[in-house]
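Peer 1: Read off the chains here:
There are 2 protein chains.
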Amino acid sequence: MITRLSNYFLKTLREDPADAEVASHKLLVRAGYIRRQAPGVFGWMPLGLRVKGKLETIIREEMIAAGAHEVHFPGLLPREPYEATGRWEEYGDALFRLQDRHGADYLLAPTHEEAFTLMVKDIVSSYKDLPLSLFQIQDKYRDEARPRAGLLRGREFTMKDAYSFDATDEGLAASYQAQRDAYERIFTRLGLEYVIVSADAGAMGGSRSEEFLLPTEIGEDTFVRSAGGYAANVEAYQVPAPEALPIAGQPAAEVFDSPNTPTIETLVAHANAVLPRADGREWNAADTLKNIVLAITSPAGEREVVVVGIPGDRDADLKRAEVAFAGFEVEPATAADFEKHPGLVRGYIGPVRGEEAVLGLEGTTGIRYLLDPRVVDGTAWITGANIDEKHVANLVVGRDFSADGVADLATVRDGDPAPDDSGPIETARGMEIGHVFQLGRKYAEALGLKVLDENGKLVTVTMGSYGIGVTRIMAILAELHHDDRGLIWPDAVAPFDVHLVATGKDAAIAEIAAELAETLDRAGVEVLFDDRPKVSPGVKFGDAELLGVPRVVVVGRDAAEGFAEVWDRRTGAKEKVALADVPALFGA
Amino acid sequence: MITRLSNYFLKTLREDPADAEVASHKLLVRAGYIRRQAPGVFGWMPLGLRVKGKLETIIREEMIAAGAHEVHFPGLLPREPYEATGRWEEYGDALFRLQDRHGADYLLAPTHEEAFTLMVKDIVSSYKDLPLSLFQIQDKYRDEARPRAGLLRGREFTMKDAYSFDATDEGLAASYQAQRDAYERIFTRLGLEYVIVSADAGAMGGSRSEEFLLPTEIGEDTFVRSAGGYAANVEAYQVPAPEALPIAGQPAAEVFDSPNTPTIETLVAHANAVLPRADGREWNAADTLKNIVLAITSPAGEREVVVVGIPGDRDADLKRAEVAFAGFEVEPATAADFEKHPGLVRGYIGPVRGEEAVLGLEGTTGIRYLLDPRVVDGTAWITGANIDEKHVANLVVGRDFSADGVADLATVRDGDPAPDDSGPIETARGMEIGHVFQLGRKYAEALGLKVLDENGKLVTVTMGSYGIGVTRIMAILAELHHDDRGLIWPDAVAPFDVHLVATGKDAAIAEIAAELAETLDRAGVEVLFDDRPKVSPGVKFGDAELLGVPRVVVVGRDAAEGFAEVWDRRTGAKEKVALADVPALFGA
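Those sequence lines, one after another, are chains A and B. In terms of numbering that gives the first Met the number 0, the first sequence is residues 0 to 587. In terms of numbering that gives the first Met the number 0, the second sequence is residues 0 to 587.
Any given hint could be a false lead.
[Said to hold, decoys possible] Which stretches of chain B does chain A cover? Using the computed rule of at least three CB atoms under 8 Å from a CB of chain A, they are:
no., stretch
1, 71 to 79
2, 89 to 96
3, 120 to 133
4, 138 to 146
No lab work stands behind these hints: they were computed from the structure. Backbone N, C-alpha and C fix where the C-beta goes; we use that ideal spot for every residue, glycine too.
For reference, chain A alone in the conformation it holds in the complex (with noise of 0.2 Å):
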């Protein structure tokens, strides 16, 4: 069927909406794909349908070939499930809650490990039933502090979301890789670029995470990766510890007086004024040990300040530091923190406990203390002495002190090293298209989803979790594909396969224009006919380079003689084709 302008339902709009910030908002709105409903709620008008169907319907064609079967579940879900496995507070202010009439408590479903979960623990009994792969597309809510990038990061948002079930790790491995392929071919028939990073778990807690990142510039995600392919989300980026150092034969530790060091270059430049190098190098940022104070919070509201020590040339990464106490909510030790401590001196914490007693210092009694994994045995340090306005040099690792762990949350550079020897990794920035992560058997533990496995004996079930944000694909190939005059659909997902323009007054012209929709139309061509009589020339050029259909037909002036003009918006070329060979282009 022709789509004809003169009868649709579309406005487009000569200036942004005051309200979009990002490139694809501004475009979806002024060239009527979909229209602002409340903040990060849109509604969708034709045009945006067509879109959000194609791709639609490319995700679920792979879905299938993936063996997936396409389920359906509610919006709106009772409180239970998510109070059994955590989310209902883990979530915080980005849940929609909810009562019904009789004040029982229900959300609006962000996801739906919980749903998929107790549907499948309905239905499946043995490992028989097992593998078993389910997805849907479906509307999900988040309540963002902040909606403001359109359909990037929605309020209301269409996902797909996809859920394996296995009795055994093995058939989890097999169930991820099966999506994790067809991810790989959904973003190749989106012509998507991606890199797949490891992925922090995050919130959702499990094994193996990945992310497929498509690499760009204004990506809200950093990931690392190296020229021997290792590649990870920054938060996931876990820094490879070198070799101990040995002990023996290194200087002796001594306390130094350091008035006014409040920060690690006056430390350091202190430190080469009083404290020459027997070898005569520099001392550098490099050579101190910052000790950063957190306060770190248990899901049961337990708070405990801890200290982390890392190279004083680098900070601490709050994301980072997130992953490295997986579960807890991490943030700055404050001012409450330090008066509850009184061993911490502020501005000169260091790493000597009061029980090691080294020197006579006495020490932080009582703090966990950890390391980042480069302050391996062996190595010496300039850091804190724990007494006001001094500090200790030559402090070393396993001879002068030692710490109660690990914790990787320094800051990632440029040259670091892979953790997988693959070489030294470099940052970029990504913005996140795909998630495919191994559950575990956290949500079926918590539901009680058990099959009976070979021997007849009760087991957990495995899952895994499978996610594309529909609606955000969606922005996100109208930020990679536009110019200054609108939006240029790649081909898979374009509302139309040519955008026709009749112009001019003559009926003549109008009559071949008509013809030609005709022709494409009956060979299967998906036509948008700019038909409108009293439209010019100029304002229908102007809403086919917004609307973004990749090709345009210009049936005008030459008409008459037998020729179209054919645009190609990604390469801007506009040739005379003669109108009988119009259709082949198409394939018609």
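Chain A is fixed; fit chain B onto it per the hints.
Peer 2: Coordinates of chain B only, in the frame set by chain A:
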């Protein structure tokens, strides 16, 4: 693609779910179409999605054929527009309300008049942009008090809602007719018998309104129809007023003692005993005028006590009363109401008011008195005298008393006249399957949707609203099409064209069945193939009957000789058919 039961997300149940009261609920759960998530909230399994998808396709095709454009609105909507139209309050407990993290009020939309109106306001500015019809197929929410009928009345349900926008009343009439025609086509395609009845507008307010009712004994709606073609919801039926009778020559009214006559029956018996008629006829209930005391409450909360006189052989129908007092809440007067109005002598209330002073009766001064349309001038009645233990006989309308107006709220009976003179009506039960409704300018007025007319003058747009409950229709189809063994879907929405069962342990038979499945599949026949190797024929047959694919092909013992058995679930016929002839049965 062949769907194989050996690898399908399906489990059939032998027992009805405990919370299911209606056949569709029981069968859709037992046959593995849906699963309960919360009261009135369901998850959809693959079989259920298939049927729902086919229903949606039929509805979508007919909407597009009717010239409507598809859009999609969020389920989560802000309060303000619903406040502007009054529905935020009007919906009462049936509306799911919630707040976001900033404390802003939201709702889960029960219907989308407001959202459509605002989007059209955003897009449309001139009568030239009209007429316009939009539709969506979308999940809606209503917090039903007792959601116990499965998909018949869920709290989350899928609806097709369409809205038309016109500059003129004639335009609305045409848009309405186009939707009404589309509904006729949809229900015809679904094989659903329907009666189009005039309907009360109910809470929505507006002008023309019709319901598509499926006539069925188990329907929750009562409607009336005449042999001559009149049909109306029982709430919308309006009794035609008979002609007035001559007043001259009627006997004079007379008050008589009537102790212990609490009911119409006792009153009639007493009257026959103490007041024999001159012509010897007996008094009967139809000669008495029953005075109903109601309390009506305006949207602003003002409560008024009114009295309505109806023939004593009828009762008041509170649903019809709500239509008679449209916009007001109606309930029987309470003891408190009577206390406030001592003029109302319980058991002896009459139509004479103080100012008329017939026979010296004091009457019910200051209370509005309304009459059933049948109680016309010149009719004479036995009715209350407003004095304890006294009634009055031969009280003639238009001579002894008059009313403040008409209220048509008496019960409706078989044999009552159709208002259009098309003969006596009969009452019947039906189930609502669709609703078309001229909203008029209510929503456009409240939300400021205006366009420039031909003369450049701003005019308010007039709207229509057209709804079909998709999931409800699915339940209704299940109600209509099942037997004691299971579902029997109509072809138009059957999840598959054929349910192919391979029985026995013979590998050769399995092979023959698999080949048949391939042949059918290649010809475009949708095949559900029960290839489960270790399931007994009895269980397979039971599942085939329960699932409801209308035609079942059994490949078993006779396969070696080249025969299959073909079942027609509708007729129950089982026929031996040559394997080679099976594809032709499915047009393949």
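Peer 1: Go check the stretch 120 to 133 of chain B versus chain A for me, would you? Three or more residues, Cβ under 8 Å, otherwise it fails.
Peer 2: Three-residue rule met by the stretch 120 to 133 of chain B, so holds; n is 5.
Peer 1: Three residues or more, CB to CB closer than 8 Å: is that satisfied between the stretch 71 to 79 of chain B and chain A?
Peer 2: holds (count 7)
Peer 1: Mind taking a look at whether chain A covers the stretch 89 to 96 of chain B? Criterion is 3 or more residues with CB to CB distance under 8 Å.
Peer 2: holds (count 4)
Peer 1: Are there three or more residues in the stretch 138 to 146 of chain B whose C-beta lies within less than 8 Å of some C-beta in chain A?
Peer 2: holds (count 4)
Consistency with the previously given hints is maintained throughout, with no hint failing.
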